Amino acid sequence: MDVDDDYDYAEVMIFELAQSVQAFLLKHDKPPRGPFYDEMLQQKQQRQQELLDLQKRRETLERENRIDEVEKRKEMFKSEANIENHGAV
Numbered sequence: 001m002d003v004d005d006d007y008d009y010a011e012v013m014i015f016e017l018a019q020s021v022q023a024f025l026l027k028h029d030k031p032p033r034g035p036f037y038d039e040m041l042q043q044k045q046q047r048q049q050e051l052l053d054l055q056k057r058r059e060t061l062e063r064e065n066r067i068d069e070v071e072k073r074k075e076m077f078k079s080e081a082n083i084e085n086h087g088a089v
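Residue 82 in the numbering used here sits at position 82 of the sequence shown, with consecutive numbering throughout.
Simulated from the structure, these hints should not be mistaken for lab results. Certain hints may be false.
[Stated by the list, open to error] If you anchor each label on the Cβ, the simulated ranges turn out as follows:
no., residue 1, residue 2, range
1, 48, 15, 30 to 38 Å
2, 34, 59, 49 to 57 Å
3, 41, 61, 46 to 54 Å
4, 13, 35, 36 to 44 Å
5, 20, 41, 31 to 39 Å
6, 73, 53, 56 to 64 Å
7, 50, 20, 40 to 48 Å
8, 54, 79, 52 to 60 Å
Keep in mind the model is a prediction, meaning the values are calculated, not measured. Where is the CB? At the ideal position from N, CA and C, for every residue including glycine.
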């Protein structure tokens, strides 16, 4: 084998490798679902909405806890008033 044969053999190998890579990329290439920037903005908006929802849930729980506390105090005052009324009679 001389140098020209080695060169031709290497050239054929590189060409076959390039064809294999091209075929693989064509088979596995997935087009983007949309512009990258639009997708990034959509994900950011989704995260912001999730944070808002979480904040609303927390506020609702706090409000419910305060209402429960007020109701407990009302019941406590009523029972104290009943005890004082029955004790004074």
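Pairwise beta carbon distance, residue 73 to residue 53, judged against the given window 56 to 64 Å: 31 Å, violated
Assessment of proposed distance window 31 to 39 Å (beta carbons of residue 20, residue 41): 38 Å, holds
Supplied distance hint 46 to 54 Å, evaluated on CB atoms of residue 41 and residue 61: 31 Å, violated
Residue 13 paired with residue 35, Cβ distance criterion 36 to 44 Å: Hint holds: Cβ distance 39 Å, inside 36 to 44 Å.
Residue 50 versus residue 20 beta-carbon gap, inside 40 to 48 Å or not: 44 Å Cβ-Cβ, so the 40 to 48 Å window holds.
Hint check for residue 59 and residue 34 - Cβ pair distance inside 49 to 57 Å: Because 34 Å falls outside the window, the suggested range is violated.
Outcome for the supplied range 30 to 38 Å, where the beta carbon pair is residue 48 and residue 15: 51 Å, violated
Outcome of range test on Cβ distance (residue 54, residue 79; 52 to 60 Å): 38 Å, violated
Of the numbered hints listed earlier, those contradicted by the structure are 1, 2, 3, 6, 8.
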